[in-house]
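Peer 1: Those protein sequence lines, which keep their order, are chains R and Z.
Using my numbering, you'd call the opening residue of the first sequence number 8 and step up by one each time.
Using my numbering, you'd call the opening residue of the second sequence number 74 and step up by one each time.
Everything labelled a hint here was simulated from the structure, so no lab data went into it.
Any given hint could turn out to be false.
Simulated pairs of lysine-lysine, DSBU-like, Cα-Cα distance not exceeding 30 Å [what the hints assert, rightly or not]:
| # | chain 1 | residue 1 | chain 2 | residue 2 |
| --- | --- | --- | --- | --- |
| 1 | R | Lys352 | Z | Lys553 |
| 2 | Z | Lys378 | R | Lys822 |
| 3 | R | Lys352 | Z | Lys416 |
| 4 | R | Lys826 | Z | Lys300 |
| 5 | Z | Lys553 | R | Lys66 |
| 6 | R | Lys352 | Z | Lys550 |
| 7 | R | Lys822 | Z | Lys300 |
| 8 | R | Lys655 | Z | Lys550 |
| 9 | R | Lys66 | R | Lys127 |
Footprint (simulated), chain Z over chain R, 3 or more residues, beta carbon under 8 Å [unchecked claim]:
| # | segment |
| --- | --- |
| 10 | 751-764 |
| 11 | 855-869 |
| 12 | 877-887 |
Where is the CB? At the ideal position from N, CA and C, for every residue including glycine.
Next come the chains, spelled out residue by residue.
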Amino acid sequence: MSKWLRQTLLRSFASLAVMACMLSANAEENMPVETKVRFNEEIRPLLTRHCTACHGGVKQAGDLSFVYAEKAMQVIEPGDPDSSYLLERVLAGDDERMPPAEHGPRLSEKEVELLKRWIKQGANWKAPWAFEKPERAELPPVKNAAWPCQPVDAFILSKIETAGVQPAADEIPLRWLRRAAMDITGLPATTELRETFIKEYVQNPTVAREHAVDALLSSPHFGERWASVWLDQVRYADSMGLGLDGYRSIWKYRDWVIDAFNQDMPYDQFTMKQIAGDLLPDATIDDQIATAVHRLTQSNEEGGTDDEEFRIAAVLDRVSTTWQAWQGITFGCVQCHSHPYDPIKHEEFYQFTAFFNNTVDMDLNEDWPTLKVPVNPADHEQATELWKKLTSKKQELWNKQFATSVTNPAWKSLRLDEVASSTATQINIDRKEDHDEFYTSGTLVRDTDITLTSKLPVDMTSLTAVRLTVLPLDPVKAVSDSEWGFVLSQMEAYLNTPEDDAPLKLDIARVIADEPFPIHNPNDSLNDNAAGFSAYSRINQPRQAAFVLKDVTEIPAGSTITVKLKHRIWILASFALVSRRGHLAVTDDPQVLDVGKAGEFTALEKEIKDLTAQQNKLKSTTVPVLAERQNEFARPSHLFIRGSFLTKGEEVQPGVPESLPPMQVDGKASRLDLAKWIASPENPLTARVAVNRVWAQLFGHGLVATEEDFGSSGELPSHPDLLDDLAVRFQTDLQWSHKALIRELILSSTYRQSSKMRTDLDDAANVLFARGPRQTLSAEMVRDQALAASGLLNRDVHGPPCYPPLAAGVWTPFKASDKWETPPPGDPQRYRRSIYTYVKRSIQYPLFAAFDAPTREFCAPRRLRSNTPLQSLMTLNSESFNECSQALAARMTSSNDHIEEQIHFGFVNVTGRDPKPEEVATLKATYERIREKSNAQLALTSIATILLNLDEIMTR
Amino acid sequence: MNRLTIPQELARQQIELTTRRHFLRDCTTGLGAAWLASQTMGDRVLASENAVSAITHSARVKSVIYLHMVGAPSQLDLFEYRPELVKYDGKDCPQKYLEGRRFAFIQGTPQLLGPQFPFKQHGQCGAWMSDRLPHLAKHVDDLCFIRTMETDQFNHGPAELMVHTGQARMGYPSIGAWTTWGLGNANENLPGFIVLLSGGRSPRAGNALWGSGFLPSVYQGVQCRSKGDAILNMSNPDNVSREVRRDMLDALASLNQESYETFQDPETLTRISQYEMAYRMQAAMPEVVDISTEPEAIHQLYGSKPGAESFANNCLLARRLVESGVRYIQLFDWGWDSHGADKDEAINGGFSNKCQDIDQPISALLTDLKQRDMLKDTLVVWSGEFGRTPMRENRGGTKMPLVGRDHNPAAFTLWMAGGGVKPGYSYGELDDLGYTAASNPVPLRDFHATLLHMLGMDHSKLSYYYQGLNQKLTGVKPAKVVHDILA
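This is chain R alone, in the form it adopts within the complex (with noise of 0.2 Å):
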């Protein structure tokens, strides 16, 4: 049998399976209701586990795999399990059975007849849960009616119910403020809070703790403590990573995402800014701030490195953090191959990666292209009219000039009669039809200088421009594997005529490249200094200036034009950017002239340097952003085989897994489309995904635990009607409210419980969430708070990258210029909260590391915790905490003359509630113990030190 034929029939057969199974769903409806098997809680799992390591989506062992419907009913037979040849090779004899002895054990009796009812029952094959559209529940029947107070409450009581079971008792409203407080804001209650709180809380309980969430939703602090969580999703860090790790202006994002939280940012625009916040029509400076999101990516400055390289890594990792933190399934697998597990093929994921491959960055420590940014948040809308100015004139001049001065001259190719290098790279000539190039050859020579010298046409008396077009060395192949680029430092052109002696410098005027918003101006090419016409720093496309003369220079009969191209940029100690090919045209049009001269031309600029010098006025900062290479040099995208960037496949056209739902795009999506896409109600994990997250940070594990992989490997939701319920109103309902969600959740009866563990249940890691939440406190958190109890905190919000206090000798940037300059004691700058102190990637802040802050090198879903001694080194005695310590036992001293109370008064600022006596009495014995072995002031720090170490307040 051919293979065509074989696969044909394979076809037909698997269509006619599937045909099967939906013709046998209707008989399934006629099956008693206890005994339906339901194929992703039950039999996915049981061929995850058994199957899918030899036939998944890597490895399809005899073709076979379980992750495609219409493979895995090759060997099902729906309705059938006799003639299924699943079961006969499950249930065959050691030899023959799969999975094979070596691979696994056999199937229990309890999973064979599992599989046996699933068949009988038509063999019902659905998508993975999560890539079917969540939808509304109805609210569980629950016997204790009078306890749910939220939406939520009513799914949780259901299952606490059906294990037999009430939920605890609600936590001492002290204990629950400073839980709700942490929560909200990543701080203690202030003494106002609570006290207004215990005030309201004897009229009534209810509004008291609305009134007390409110105040907290409303606090800026909230935006500082949801941030962080976003961070880690998103590896934000103040350094570049890899090679060099200097210093990276990014900044301004971080605040951004903290006054999205506070301005509560519908998630959906959210999610559409910092993926396509530069597309938005009408963007602000702001929107196009967001999209520094995805410059938060490790680059690698170290000479002598590949930047193709490490734009593709980056941009890879746009990818896998899209799909981490926006859609919860490990994406980066599929690099190399499909999905071991979910239906996620090989050239999906390069279907994917051509939405973020067509940047205008690059891995250079430039960090370009870069967004001028006000420091102050006032002056933004400001600088979004004037940048919005400065753009369309820029583009309205550009526009203009290169119609004038590149499109619409007729020009006269020129061919070549010598051409020199001032250095050991040779230059060599190669005829083509019409004209000559220039190309290098041998070892390209940084600083070369590369002279052509052309007869001009005979038929030309006189010149307005010369025309340079440079092109890759390999023309052809350079489309898809980009070479390195050049940069025109600068170009001089000098007529040869045969009366004078002394060749003429030509007068140029004006340098018209082919871009309307280069990286390097190309007027520079003019003057000496480096910059210049450039392709920076990969060329893949000819590109081409005009470099338009003063006045018309007349020519007489038998001269030469002699251009001479200087370069020299050399970048990463390694590369030298030199023009490799090209070749040269003139003109005598004499109407190009105008634009060195006319007065639409001057006066465009004119208004372009006023505009400039308005921006200049405002005090700025930098961003680096994402910007859309132009359409002319669009980079195509091509699948890698075996993942390398060195050997590309075919070329891909951006999409989005056949699995999930369509795009609904005309013409070739762009990135836009995928944000929209990613925020569509349509997409069934984006909602999901955000609202496990919250839920995750406010009960300690999410509803789906594998907050990380919402895929066939993670784990199946607990509580799943009440993950889809929330996920669809967070759509509708909360519109995408970050605000709204935490407020219902927080205010939730289950929220509510004590989180005292229960003996009376089997159930210590609270999975029925039939207690409240006991969580260790998040590296910001444990420093933020013993600022704040110790009085100590400064609470101003945004700015640039702050450095608290360091132990000696850790701070040994790779670059010098790397400073780390903390602010005397007493300088307010010094006791920021956490969010704001610096990133550096190869120097984590100790203490952050030590309490399981990751590093943010890739996206962090989720924070492990540990419990170490390095962290008790860390409270006891770091400078830090040390004077925090030191600032509390002076605030105690001041409080009261009587030490009782200088101790009740460092208590309750610790932990927001009062201490029992016998607390009172240990820390007062210890006092007295210690005074006794030294001094008061130094009893009373130990006794802050102790306060602020209480495991007590070390969770939330």
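With chain R's structure known, arrange chain Z on it following the hints.
Peer 2: What follows is chain Z alone, placed relative to chain R:
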């Protein structure tokens, strides 16, 4: 003070094992292990739960001392004698060696560069060595050379990460983290993974070279510093004596016990025990790192000077740490990037000084471990992050005034000495120029597999489920143990 009694302690562990296992159970997520990080049993810090299955055989090696020469020393001027390279010194490199190769700095057609120092054979095994490491040359019969190490990275940052984490990007666990995660530590009062730096600079990728990646942070390497506290925040604040600290911890433990009684949260008991461990560490660590207590003869042997930041001190300290039961000790010595771009690193410049800095201390370490009968179960590893080219560097396409070589990922030398490896043995053959492996190439993943094997672990089983993959030190490509080098 409310110390836990043994029954209490056991009860606590029982709670942890049962409760934590559930939430982070090892169905598909391997996280269960994370939580066992902090618990102690007897005198041994327990290895993580699902790493246990990776321990497949008894180990020859109890501790590892890894000497990393940061910047990548030239194997062609130390260990790899190539007569052909002598012959072709100064000639243009044939194109067949250049086609399809990517270089960091070399442009166009470079010239070949012969060995810059005289070579001769040493010891019973007759291994060739240049005259730059005369002390070490006396130990060749203890060394096991892998001459054909390969990496796929030719820039320092990614290549250093490849050596220590098996991945070219930051964010993955280092060998030391995997090792302590897998095996635990033999001394509960000291960290199991300690990092020592010399040469005046940290390696490029910094902490990422000794990070724990997705493993819990407790497995991070702890940098032991030559100035100030050996371990950050090891000493109490001014005026807080050990007695005062004891009083504080007693009060803290009693209040925290109270907290435990209220919430019954096992994490609280763990926290109490961590404060106690910190207290013990404060006593143990300064003693271990105080090399001034060593006799003068030892200092002469190593060339160590108490109080300085030096490679010699670090070698001596490494021995003391091994003696105290520390599992994995990582030394980084900066300054081996011999491009010829400046005097300090040129092969005809600072290279000789660097050789001098390490020669005596490494020999002393081998001698000392041997005389204490510790070499039998300690493994000393020496390497850079890649090798150097047989071509002379011509940065920017120009002839450089000083002599240097570019990065060569295709071959570098790694040697080992001690428990588990064949002494006086060489593995792998280079081509005539010393540029690539002619036989038996050893990619880093195979070295990692071999190292784990010597530690008693199966690299294919030492895995941690993260981001949809059973993550391994050896990565996704198949790795194999190089059995030929094992004793």
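Peer 1: Taking each numbered hint in turn, which are not upheld by the structure, reported in ascending numerical order?
Peer 2: Per hint list: single violation, 3.
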